[in-house]
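K.L.:
We have chain A; now place chains B, C, D, E and F onto it with these hints.
Number of protein chains: 6
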Amino acid sequence: MSLPAIMIEPVVRAALLEDLGRAGDITTDAVVPSDARVETELVARQAGVVAGLDFALTAFRLIDPAIVVTVDRPDGTRLSPRDRIAVISGPARGILTAERTALNFLCHLSGIASATRGITEAIAGTHAQVCCTRKTIPGLRFAQKYAVRVGGGSNHRFGLDDAVLIKDNHVAIAGGVREAIARARAHVGHLVKIELEVDTLEQLAEAMQLRVDAVLLDNMGPDLLREAVAIVDGRAITEASGRIRPDTAPAIAASGVDLLSVGWLTHSATVLDIGLDFVG
Amino acid sequence: MSLPAIMIEPVVRAALLEDLGRAGDITTDAVVPSDARVETELVARQAGVVAGLDFALTAFRLIDPAIVVTVDRPDGTRLSPRDRIAVISGPARGILTAERTALNFLCHLSGIASATRGITEAIAGTHAQVCCTRKTIPGLRFAQKYAVRVGGGSNHRFGLDDAVLIKDNHVAIAGGVREAIARARAHVGHLVKIELEVDTLEQLAEAMQLRVDAVLLDNMGPDLLREAVAIVDGRAITEASGRIRPDTAPAIAASGVDLLSVGWLTHSATVLDIGLDFVG
Amino acid sequence: MSLPAIMIEPVVRAALLEDLGRAGDITTDAVVPSDARVETELVARQAGVVAGLDFALTAFRLIDPAIVVTVDRPDGTRLSPRDRIAVISGPARGILTAERTALNFLCHLSGIASATRGITEAIAGTHAQVCCTRKTIPGLRFAQKYAVRVGGGSNHRFGLDDAVLIKDNHVAIAGGVREAIARARAHVGHLVKIELEVDTLEQLAEAMQLRVDAVLLDNMGPDLLREAVAIVDGRAITEASGRIRPDTAPAIAASGVDLLSVGWLTHSATVLDIGLDFVG
Amino acid sequence: MSLPAIMIEPVVRAALLEDLGRAGDITTDAVVPSDARVETELVARQAGVVAGLDFALTAFRLIDPAIVVTVDRPDGTRLSPRDRIAVISGPARGILTAERTALNFLCHLSGIASATRGITEAIAGTHAQVCCTRKTIPGLRFAQKYAVRVGGGSNHRFGLDDAVLIKDNHVAIAGGVREAIARARAHVGHLVKIELEVDTLEQLAEAMQLRVDAVLLDNMGPDLLREAVAIVDGRAITEASGRIRPDTAPAIAASGVDLLSVGWLTHSATVLDIGLDFVG
Amino acid sequence: MSLPAIMIEPVVRAALLEDLGRAGDITTDAVVPSDARVETELVARQAGVVAGLDFALTAFRLIDPAIVVTVDRPDGTRLSPRDRIAVISGPARGILTAERTALNFLCHLSGIASATRGITEAIAGTHAQVCCTRKTIPGLRFAQKYAVRVGGGSNHRFGLDDAVLIKDNHVAIAGGVREAIARARAHVGHLVKIELEVDTLEQLAEAMQLRVDAVLLDNMGPDLLREAVAIVDGRAITEASGRIRPDTAPAIAASGVDLLSVGWLTHSATVLDIGLDFVG
Amino acid sequence: MSLPAIMIEPVVRAALLEDLGRAGDITTDAVVPSDARVETELVARQAGVVAGLDFALTAFRLIDPAIVVTVDRPDGTRLSPRDRIAVISGPARGILTAERTALNFLCHLSGIASATRGITEAIAGTHAQVCCTRKTIPGLRFAQKYAVRVGGGSNHRFGLDDAVLIKDNHVAIAGGVREAIARARAHVGHLVKIELEVDTLEQLAEAMQLRVDAVLLDNMGPDLLREAVAIVDGRAITEASGRIRPDTAPAIAASGVDLLSVGWLTHSATVLDIGLDFVG
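Residue numbers (the numbering used here), protein chains in the order written: chain A, 1 to 280; chain B, 281 to 560; chain C, 561 to 840; chain D, 841 to 1120; chain E, 1121 to 1400; chain F, 1401 to 1680.
It is worth saying that the hints were derived from the structure and are not from the lab.
What you are looking at is a predicted structure, and each value in this text was computed from that prediction instead of being measured.
Fair warning: there could be bad hints in the mix.
Taking lysine to aspartate or glutamate and the DMTMM-like style, the derived pairs with C-alpha atoms no more than 20 Å apart in a straight line are [stated by the list, open to error]:
| id | chain 1 | residue 1 | chain 2 | residue 2 |
| --- | --- | --- | --- | --- |
| 1 | F | 1567 | E | 1155 |
| 2 | D | 1007 | C | 595 |
| 3 | E | 1287 | E | 1333 |
| 4 | B | 447 | A | 223 |
| 5 | C | 727 | D | 1117 |
| 6 | B | 447 | A | 41 |
| 7 | D | 1007 | D | 1058 |
| 8 | E | 1287 | F | 1439 |
| 9 | E | 1287 | F | 1472 |
| 10 | E | 1287 | F | 1677 |
| 11 | A | 167 | B | 321 |
| 12 | C | 727 | D | 879 |
| 13 | C | 727 | D | 1113 |
| 14 | B | 447 | A | 39 |
| 15 | D | 1007 | C | 787 |
| 16 | F | 1567 | E | 1393 |
| 17 | A | 167 | B | 486 |
| 18 | A | 167 | B | 401 |
| 19 | E | 1287 | F | 1673 |
| 20 | D | 1007 | C | 833 |
| 21 | B | 447 | A | 35 |
| 22 | F | 1567 | E | 1397 |
| 23 | C | 727 | D | 881 |
| 24 | B | 447 | B | 486 |
| 25 | D | 1007 | C | 601 |
| 26 | E | 1287 | E | 1299 |
| 27 | A | 167 | B | 315 |
| 28 | D | 1007 | C | 837 |
| 29 | B | 447 | A | 273 |
| 30 | A | 167 | B | 553 |
| 31 | F | 1567 | E | 1159 |
| 32 | F | 1567 | E | 1161 |
| 33 | C | 727 | D | 875 |
| 34 | E | 1287 | F | 1435 |
For reference, chain A alone in the conformation it holds in the complex (with noise of 0.2 Å):
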């Protein structure tokens, strides 16, 4: 799995701007001499899994085309701590002077990976499937939704544009379920799909007789949820939301329903403890 590098390079090359300023790295440059040269090593200070390979190697290579790479554990690889991700040699200014900016996209991207492998694994053995939500840090929804999939969750919308999701204060302007899903219809393109935000049983009663893609089952408990799963019955899809955690995600998974929308996995990640290590 991977993205472009068309896509990667612009925010790293921002990232390593916003880093250097308008005088660089001048404590690289007054104290290391412009020939050293270093052995280095990506090595997990913890268990995980990695995310975002790309976008640290691409901060090495925009600093210093000079420097070298071999990597060990690709993205998706499962991580134990001191597993070796990746070897990288070369100029020593330019790996010093890279690092922080290489290890902030990985150890960010890993996080949220590894986190949502920890929900999938909560889960396994029922039938959902853990995805994010638009709850991203500005700039990035692009990078941290491919750690969400590297970390083996679904996406969700990728913006406003992409899908139509109607929610309770779209219901309530519209004046109810059934002219908010008809004026959406009317609107949108064939590869557009519909989805609805649903509070009670009552409104998806509603709501089946109105031939959406998906149902949003917002805040929910795994026994309401079970019967929700039930009047759906297979004609659409079934997403739980509502501040889902890694302890109340199997109940909720046991439900039955398709999918478990976890904002946090992208608005509260946690680094993984990823560090570059100097060899010999």
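P.N.:
Frame of chain A, contents of chains B, C, D, E and F only:
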């Protein structure tokens, strides 16, 4: 405390365009009449400190200048659950379209400010202050560091260029602490401070003979830190570093160091839950 | 129907700067006094449908906010020759400088809307709807697809990322229709539809066993299309494709397909002739 | 004939990103193995003139530098149906992902070159040359004007800043031809030419006393143009303008004017049909 | 004389961001209360010509739209020491933050205008006019050339694309003046002028048989220039070039040439000293 | 000494596009055959110090990667007239097209380095060092400050955000030196230095009680400076400021101050004359 609009607008603009994609908010455009108007409120769902309100309000203003805002609790205000932060009223379409982007900034930055405040309060009564690091989310460093200030923390370097921080690998390549500091001092301007990372008290003693502005005491426990503070004896700023968390912070702060450097404020911040409620 | 200003402004700004170059409008600056004021009208010179008025008005506003605009016929209005679309009045310099850029957007997008309306009317009475393709002018896809909607058409994919379209070459490399669809289904999120291009009725029959959301019936004549529609029998959306023009559209639409995919709406649109007339 | 890569890359990069959106080519990534390789050919499906090959090849190269290209018929070559223009071989994923963007540039620019060549041939034997206008697609003016040159045409102004063109409205506001020309001459540098639009032979006679570099003879028929050319008598460049099409061009050119200004070359160009065929 | 705001804003915005960095104006934010208001004046500290006022005022406006400006002496006004150029009043923070960026533009551009005026006055009474070159500061060419116009000078080419200038190396590679001119004439549009650099009177005589629009007489002394002007005899524009300075300009201008090309106006301009004084 | 390519490329790219405009180098494209090759040399025409070679070489490389470069005298080398700096050979078109942009960077930055070296040598034997200011050319501050370093100077603040400089107006608004310094110290991080501008010895004495890192002694003559240095007595860095020129610098430096702040290094630098000569 605030940032100039000229710094805020570009990242908010980019975040809105990331969400609008190539077709805009197809749900709202289809379902909500263009003349519908609503009154909404930004409301805290948990206790914390608000930060990033200008980012959120810029999102609404950029989508539709007709949206009117009244702020109840500006950046830095301590929030209790259900506290109203601001009233947002006007065209329903614009408010619905900008909602998620506004909240993504506000919840993320308030999360950082709240975490900063949390540690700051945990170490109240000591001499120490909390500060952040360069372990930030790519593209948002200036905003995250602003949120740290809002939460009562202090900022470490903004990039590789605004202060010298000589780390262990720099020292190793330079061939010693003395040589590394000498090279740094020879290269940088008179308004640039020099900080040295030390791992042992021997290194610290050597550094104290060399007039550095600050020392980063990496991965030392409270007892060792206390000895280090005694060695420095006010001749440099002392900064403790190494996976400091709210539970370990008080003991570290009690050692007498000037600063606690806390990476997770920015790399692993949990959002503060804030919602947009429709009124009436 | 409209697009948010935040999506329109960047392309209009770029177009104005492309025209202003490095010295600005040297003719107007030399010849027209800075205090001259004029009243002008955007007037249709031929029949059609207006689209892109916000792009045109943004050009005037970006050059001089003192220019005042009154709109008579908003986007989607059917125009007869000599119909006045809007009145533009104010500083003569700004109006003359922005004129060509404003008209370039307005005539191009109105041309697309008019062509779309033309085909839509030609197939009135059938079940079919007109839709566009990814054969667009680089940089203007979102604007062109907006114009198609204004003209009464529907939008196919906005890019490679918002729906799956498995074409003949994909099938060939994957080793068959079944394998290609299986791989696609395993990879994409629950809000992404899957469409398959089929060239023969045999492929179509196979595809119907595999639950795809839509089928692209490429280069089939009306009779074959009729058979295809019968085979599909409502289980998927049917889309006819392949050099459909106004004269061939009615027969194709009469076959019962849901959609007519028409590339030339966007890749070879003829402008609608609209001029800026100086009044009095 | 060619443009520097530094001018071509930004628009191709933007077009690719417009197509890749936030998730990239989800069909190809799902269906095509990462190690699949193909050989393909750019093939003309109709007669014309190729233009914009560098734009198309840049699309392939930016997506994957491993894609290898061999050019058979460079820009400016006359094409017959089924002529092979270039061979594109390498990783299947990259070729499929870049295909549409590459063709969008190539078909559009070849369409312009072919139309230009068509009129140029229609007026062969006369003294006149075809030229384009500022009625261009926003964002692509430099590329479209390049295609006009490839097709054997000449370029009129690239923008408002590289030559003076005094139009009827300028004259009206200035209070006369004489005043307008005087003001223009006083303001512009010695390397800037001055052209005047004239609607009548009286205006033309007045202009001839004022030493302009060129006259734009707007909406005059062949007879009037012949008189105009006689009046000018070689003292200025003569340019005919006003909805000139292939069928009306020969008579206009026969009047003896130097240039035929043809807006539809760029504002309403029809694509030249070129396809990407997979070989063997 | 003025430039459209759409051309000015991007460079001023970039300059402000260059100065604000990642933390903004930390001195002013810390020291100056947010409600402090001041009245200030832009005041000339030496004699000269003001240019670039719109750039300076845009800096204040972009930092804080509440800043109010009254202009006393617009671009082109001759300044004596202590002349007030404009009054700037409003929020103290914004004025202090924008001050340096505003002055950097204003002093630089006024320096260019003043230098241009200086030479223009030195050659008053002759036929010649001063013009600039492409020896400009990267990124500011359009602004610098505007300042030359404000100072009473004329603009040579704005870039490589708006006129032909055949230099000695072009001639050498082409194999002679005749061949070079022929190739140029065959390639460029009818609104593009052709200038030839000549080093000797022999070359000049040859060029005069070939109908060029202008000749660049490089590094010739007054006597040689006088002969050259006689040879040209009004058939082309004559331009003298080669380290022309205020002291050497009068003799060169007295030779009868049309233009004096002066690189140092833009590549080595000395700032005009203008300050921002706080009032009462 | 060098800057990372990632910082250099954007400004060089922008400068090339500024020069290429919308049609590219029309002279070279018309006159020079595409297969012509040349060998050229960058040659000093006057004595000085070379700076900015990477900017110049980037211009050639961005225009045509086939251009080959050999550097004889890297940044920081002292140049005599006729010294060869580098050999540039390869395709004639690319070299001619990039020439002016390359020289514009190289001559400007070498001019700054040479001026810096000039003052540095004028004050040799004193304790003082030359430093630059924020009076820079918009958009090129990082490059100009780099050139100052190459010339042996030191850098003052890079922007408003990397150090505190409390000026007279800040003091006036804050209500006194004591209050201003207190507010600054309370706001800024531990790696930010604080400098205070003082106009009188009384202010200086007060400042010395307040522990500032540096004092800016504005517009003081050598005698007053000597007194000031005695008052400071090593407790802060002393910086003299106020129209320091090469002729006044030695006396000021002899006063014992640490730094001479010289604005004209960057705001009024004269280019160093360097040319591109075609060889044989």
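K.L.:
Give a verdict on every hint.
P.N.:
To see whether the hints hold, each was checked on the structure:
1. 1567/F / 1155/E: Distance ~19 Å between residue 1567/F and residue 1155/E Cα, so the pair holds.
2. 1007/D / 595/C: holds (19 Å)
3. 1287/E / 1333/E: holds (14 Å)
4. 447/B / 223/A: violated (55 Å)
5. 727/C / 1117/D: holds (13 Å)
6. 447/B / 41/A: holds (17 Å)
7. 1007/D / 1058/D: Within the cut-off at roughly 10 Å; holds.
8. 1287/E / 1439/F: holds (17 Å)
9. 1287/E / 1472/F: Violated, because 27 Å separates the two Cα atoms, which is more than 20 Å.
10. 1287/E / 1677/F: Distance of about 13 Å is within 20 Å: holds.
11. 167/A / 321/B: Holds - the C-alpha atoms of residue 321/B and residue 167/A are around 17 Å apart, at most 20 Å.
12. 727/C / 879/D: holds (17 Å)
13. 727/C / 1113/D: holds (19 Å)
14. 447/B / 39/A: Within the cut-off at roughly 17 Å; holds.
15. 1007/D / 787/C: violated (59 Å)
16. 1567/F / 1393/E: holds (19 Å)
17. 167/A / 486/B: With a Cα-Cα distance of about 64 Å, the restraint between residue 167/A and residue 486/B is violated, given a limit of 20 Å.
18. 167/A / 401/B: Answer violated: residue 167/A to residue 401/B is near 39 Å, above 20 Å.
19. 1287/E / 1673/F: Holds, because 19 Å separates the two Cα atoms, which is no more than 20 Å.
20. 1007/D / 833/C: Holds. Residue 1007/D to residue 833/C sits at ~19 Å (cutoff 20 Å).
21. 447/B / 35/A: This hinted pair holds, its Cα atoms lying about 19 Å apart.
22. 1567/F / 1397/E: holds (13 Å)
23. 727/C / 881/D: holds (17 Å)
24. 447/B / 486/B: With Cα atoms ~15 Å apart, residue 447/B and residue 486/B stay inside 20 Å; holds.
25. 1007/D / 601/C: Cα-Cα ~17 Å, so holds.
26. 1287/E / 1299/E: Since the Cα atoms of residue 1287/E and residue 1299/E sit roughly 13 Å apart, the hinted pair holds (cutoff 20 Å).
27. 167/A / 315/B: holds (19 Å)
28. 1007/D / 837/C: holds (13 Å)
29. 447/B / 273/A: holds (19 Å)
30. 167/A / 553/B: Cα-Cα ~19 Å, so holds.
31. 1567/F / 1159/E: holds (17 Å)
32. 1567/F / 1161/E: holds (17 Å)
33. 727/C / 875/D: Holds. Residue 727/C to residue 875/D sits at ~19 Å (cutoff 20 Å).
34. 1287/E / 1435/F: holds (19 Å)
Hint compliance for this structure: hints 4, 9, 15, 17, 18 are broken, all remaining hints hold.
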